[in-house]
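Protein chains: 4
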Amino acid sequence: MTQAERLRVAPHQEQVSSIRSIVPRYTAIRRFSEELCANLGDEDFVAQSMPDASPLKWHLAHTTWFLERVVLERFDPEYEPIDPTYAYLFNSYYNALGDRHARPLRGVLTRPTVPQVREYRDSVDASVLRLLDSVQDMQRVELVRLLEIGLNHEQQHQELMLTDVKHLFSLNAMLPRYRQPLPVEPAAPGALGWVEVQEGVYSIGSDSGSFAFDNEKPRHRVFLESYALADRLVTNAEYLEFVEDGGYLKPELWLEVGWSTVQQPGWESPLYWHRRDGGWVEFTLGGERELVPCEPVSHISYLEADAFARWAGARLPTEIEWEVAAARLPVEGNFVSSGRFHPSAAPRSGGPGLRQMFGDLWEWTASAYSPYPGFQPEPGVLAEYNGKFMCDQLVLRGGSCATSQDHVRASYRNFFYPPDRWQFSGIRLAKNRR
Amino acid sequence: MTQAERLRVAPHQEQVSSIRSIVPRYTAIRRFSEELCANLGDEDFVAQSMPDASPLKWHLAHTTWFLERVVLERFDPEYEPIDPTYAYLFNSYYNALGDRHARPLRGVLTRPTVPQVREYRDSVDASVLRLLDSVQDMQRVELVRLLEIGLNHEQQHQELMLTDVKHLFSLNAMLPRYRQPLPVEPAAPGALGWVEVQEGVYSIGSDSGSFAFDNEKPRHRVFLESYALADRLVTNAEYLEFVEDGGYLKPELWLEVGWSTVQQPGWESPLYWHRRDGGWVEFTLGGERELVPCEPVSHISYLEADAFARWAGARLPTEIEWEVAAARLPVEGNFVSSGRFHPSAAPRSGGPGLRQMFGDLWEWTASAYSPYPGFQPEPGVLAEYNGKFMCDQLVLRGGSCATSQDHVRASYRNFFYPPDRWQFSGIRLAKNRR
Amino acid sequence: MTQAERLRVAPHQEQVSSIRSIVPRYTAIRRFSEELCANLGDEDFVAQSMPDASPLKWHLAHTTWFLERVVLERFDPEYEPIDPTYAYLFNSYYNALGDRHARPLRGVLTRPTVPQVREYRDSVDASVLRLLDSVQDMQRVELVRLLEIGLNHEQQHQELMLTDVKHLFSLNAMLPRYRQPLPVEPAAPGALGWVEVQEGVYSIGSDSGSFAFDNEKPRHRVFLESYALADRLVTNAEYLEFVEDGGYLKPELWLEVGWSTVQQPGWESPLYWHRRDGGWVEFTLGGERELVPCEPVSHISYLEADAFARWAGARLPTEIEWEVAAARLPVEGNFVSSGRFHPSAAPRSGGPGLRQMFGDLWEWTASAYSPYPGFQPEPGVLAEYNGKFMCDQLVLRGGSCATSQDHVRASYRNFFYPPDRWQFSGIRLAKNRR
Amino acid sequence: MTQAERLRVAPHQEQVSSIRSIVPRYTAIRRFSEELCANLGDEDFVAQSMPDASPLKWHLAHTTWFLERVVLERFDPEYEPIDPTYAYLFNSYYNALGDRHARPLRGVLTRPTVPQVREYRDSVDASVLRLLDSVQDMQRVELVRLLEIGLNHEQQHQELMLTDVKHLFSLNAMLPRYRQPLPVEPAAPGALGWVEVQEGVYSIGSDSGSFAFDNEKPRHRVFLESYALADRLVTNAEYLEFVEDGGYLKPELWLEVGWSTVQQPGWESPLYWHRRDGGWVEFTLGGERELVPCEPVSHISYLEADAFARWAGARLPTEIEWEVAAARLPVEGNFVSSGRFHPSAAPRSGGPGLRQMFGDLWEWTASAYSPYPGFQPEPGVLAEYNGKFMCDQLVLRGGSCATSQDHVRASYRNFFYPPDRWQFSGIRLAKNRR
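Chains as they are written, first to last, in this note's numbering: chain A, 49 to 482; chain B, 49 to 482; chain C, 49 to 482; chain D, 49 to 482.
Derived from the structure by calculation, the hints contain no laboratory data. Keep in mind it's a predicted model, so treat the numbers as computed, not measured. Hints are supplied without guarantee of correctness; some may be wrong.
The list treats identical chains as interchangeable, and a pair is accepted whether it falls inside one copy or across any two copies.
Heads up, simulated DSS-like pairs for lysine-lysine below, C-alpha to C-alpha not over 25 Å straight-line [to be verified]:
| no. | residue 1 | residue 2 |
| --- | --- | --- |
| 1 | K436 | K479 |
| 2 | K436 | K265 |
| 3 | K298 | K436 |
Chain A on its own, in the form it takes in the complex:
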């Protein structure tokens, strides 16, 4: 089975596991993490390209640590870890779970080795499956609930594995390829259209029916003035116009922090664009290739998205505007299971309607990542999962070409800092309507 085939059968089930369905779902998602590294050498698992990124090996071990500390130790007081040092090495940021290895130094952890990490994964998986067999009734409901969080957590790290290896490879003058070169597909997304939404009181957020993180709750009412949303993502061609118009040289287009950011070296275009022989190339997980005009512009910071929107006479949507517009759309698009690992051009418009709302690229919103009215963090150690990051970050919506389709939904809130751009992030415009 080739990598592409393997990826094509990647997990895409219901978002919440029943007691019956959890085992195959667990197995599939855990296996998928390892499939994502199948074509890499052991050396590739070790390196950390910047403090924000982590080594692949660390992702594989940390997601396992999560299951061990959050699930196994809770249900089995006698549980004995395969190595007590792992509790220290693979804690990310949970103060309630003790001290930890310094984040910017994750790249020094050459041990445990890759095979040892695989052994760790196997051992924890065996314990989890054994536990599922043995727990009773009510406990089982809670176990499945926690495992579901663990699996969603693993899916988040699967996405980070892809963005982190992309960043890592981009710093290497050998320009390594994670996958085969990307084919250029003929596409003609057409001119940008606008979809209007009327003013009114709407509800956003997740109700309790299906899995959602605590930060998506509670469902609550909001008032929206009328607005319009662009019917597709901004393309490379459109962004290139901004670059060639001197967009990075005009202070009036930028937020203050944006302007000081683009004074730094390396900020005259999106993260992975480079000038070569008078044209532009883009580094992708399939290697470096010429910029494809009709594809959506990606690896954009909030600061750039905001400046582009201003240049374009528009603005970014709020997360509320985004969610209200997305609420009734099916969760379909270019996800990780395509094996493309790169955004695709929007399909030609077949009339009014939003394209690319899910998959392809996370879409920056103008909304600060804040608690919803009535927000209650998960009880226990998982209180640290989301709530404590609700400062200085902005919400992105919709998932990307590195996201699992069954991981995302209309109410899903991703969040990053304004200058971050190593994620698969892009731009959807909005505007006021009168």
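Using the hints, position chains B, C and D against chain A.
Showing chains B, C and D alone in chain A's frame:
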């Protein structure tokens, strides 16, 4: 006339100047800036205590520069500045107005001297008053409008002069006094009460009737779930309980960025608190004195306000919640004109109702400083006044003991970064209601 | 009496005070510190332009603090300081004398005011003179010895006052003048000549006859291979050739740390040179003026001096080579008493012989600042005066146009870090001889 | 053949290769680099633990790059590199050889993989051996001369490989072992003795007879006052006394830069010491073990060596004093070929005479790393090998337990920065004699 007397007659008029009233208002506000420095030595005008603060002399010159560049040069094409270098030295952050002296180095500007800055002020004032006499009709309306912005700008810097000189003096082991020692007034604010607001669609923001900054507009509708607001500010006594309960040592109370901030030296209490002989003292503009339990806790960062609220089982209000509750209250309280320059204990509660909503201390809200729906920046160079800072900051409401009473209003949005605490900032709690 | 006249009568006596001569010498040197600030405004005393520099006021107070803590408190156990806080504020780096105000924050000390610092000086001076009257015999010898260190210490700070105010003014776009514009004097120093010294065993360092710092002792023998020393300082014209030959762009000319230093902004010429309209100007204590080719190039770091020497096919002398050559020369030249505060062109050569060895500019040597064989630090707190800085610094020799003539001698060792260049520092070349 | 056996046969031949002997010497030294990594996993080759250290893989590739760029490309104009990107990736600091990958980011180079680096080594080795067969006469002499530099260069990196992997492993809470646990050997080095040297004119430096780096030349005369040198290295027991006497807490013992350094976390003992259960353990290449009192204290910075010497009432020797004393001793001791990779206790003294002068630990001297009188850098690109680092560093002498015996000699000058302590560095005391 003593300083206290002079301050008591400080400006407190209508918020918008008519063509007739502008002259006395202009004169009074400009004079007030100089009165605020009346008891200081020339040395005190020079120093910059940190990059966020500015020397007093710089404030006096920059507010003058603002009038020169934004008003005089616009109306009088032949206007000749008293010194062309000032255009460079006293530009704060206006890219449209050219290069400028580096912000963190404002403290090296020993020249122009204090008398030269006074001369600069006099010269610009004379030109402004001459201009007011000479412009005609429609032009005059626009001139008064711009002058009104210039005067509000000056009032903002008057507040900064007080907070900057306080910070400066606090770093000096001689503990200089800006004013006489503060009397301790008997007060008993009583237990914290709560004022409830019902869910519904409300309007916030400024309509066009009176002066407001662009960031307060347009007035627009919002939906609010029901909530309750504390009826007064959090006191020193209440905050001390938090400190003594180990509040600064419990990671579960803090945002991630808060926790990393309080690992730094100097973050075990509010900015100006110090332990002395087993007790606590507080540095004030009247020198160091014992902590007064019934006064509101001040010089609090957002990070601390948020942690305290969590510890107290409450939360911070959003700016929307604050404004809706404040909308019908008179703008009354402990403002700069009291000459106290320090928050006062809340008056004893006379029944249900909000106390201390205006004056005393700016109140941190949980709302990111973002554009309102339909926000339009001021045209021209003043577009840089507010809009470009709408990132990474949080909104504070209500004004402080360093604010001019005729400068603030229910819709007024102040904004600072989460760790900032050299402003007169405090805490009002909120909570959900069911 | 004009400033120039006052300066002309500045101290120039014996280097060691007898018990009789100490009083007029003390009075003259102390007065000279204040004369150096006579034309400045109070604002100019406050600012600190960088962590390496100090405010003028701080220099005036610290030299007084030195007398108080090192002399007065030692001889008079009942001595009561005028303000106990000064012990903390004006300690520079003496761990044995307690905690101190943070060095980079000296610019926040607006208090004590300039008049208060003058009062502090007067008070300490009165105590010193009283003490001189009252101590007996043997004690008096030790008192004069310590006062002599205190006076030499003050002379070092007099030089720093000039270099620090020059640096401060250079950062101000108003380009303030410390003194009248410098006249350009006709001069023709002629081509560079070389003075040879034969190989042999020489003695360097100070013997006990006259005042010297501990770092100049003991006198000891060294072996020197034959060498030649340039007969004057490198001129602006010669250095300009280096600049225009792309000297700052050729890595092969630079030490590793030099090359990384000149990649930073502001390192394409000596510190105070600036390009204006195709030519070069230089900022001086007399304001900005056109570069004078025949004057010696000044405000040069060791890194630049070393690169220039390599470009010129020469090298820098060691401090041993310098001292052996200087040992028999009279200590004459362009010192602070000239009131010029700027290096002068070398006099036309009147035949073989070294010019400009004393005064004009400190001359970088290739010698690390290390202890001499048998070095013994001063006993007591003064052990911290020199010894603890013997790491990472290089020795400069000969004094400058900001040095007092009676402060310097052939054995005198000044020391700064390789990138430092705000001192009056220049280049004398050396080469091997075969 | 076990690792220990392999190491026992490690290269120990003449220091300069004849035309005949170069081939086996080349083969042995090149093979030794790979043997040093024989027990490591591929992951261990990738990580960079700090900017000063490099990944093992990088060392293996860079030493190969050196042969390619400095030797092969010079003799064979048609030489085609196996991968042109390597010229960029594996250049360390040679400006004359073009741009290079940023030093602090060497740990991101997961590609080329370990097998690819081995292939690179094999390919270059084959080309070198082919070249040796084909060049004629005079060219051959120059070829052997450059190869000799290349081999000495490789030996330097072999030492770095050991110190870098030790540092890397030390940061990992798993405390990996590079070799078997170290046996504790009974030893009793006895009390410290002193060996005296009389004053006089001596010659130091290398004459042209055998291989030496440019920085060891020319041989030249120096004058030395009489002095005494400790007859062995300072032991752990002696250093522990210093620690327990509060040595790290007494400012009077430290250089200024030393005192500010030991205010930082992690500076209360030598680099690899840690307190455990009231005692001290030390991290070694054989894992963590209890501190062995009679072994020499290692991983000491210059700053600590200097403070210890002051505490002990002694001082560090100059490099001249060291070399004069070492000149007639045989180059014998505990070198890398012992396979111990750790310093050994000094043998019991058998009468007056210096012990441990070679091997065990590099010995800090008080001498700045400066050019000798008459220093001439190697011509061509190798001018960058030594000369440009002659600033801010101090000389160490004698080699260590990680040095090849045939690499070091009495005139050999190693150099590091004052705070560096990840090398095998220790302390030999000196004192004045009268």
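Status of the hints after comparison with the structure:
no., hint, result
1, K436 / K479, "between (31 Å within a copy, 18 Å between copies)"
2, K436 / K265, "within (15 Å within a copy, 31 Å between copies)"
3, K298 / K436, "between (35 Å within a copy, 13 Å between copies)"
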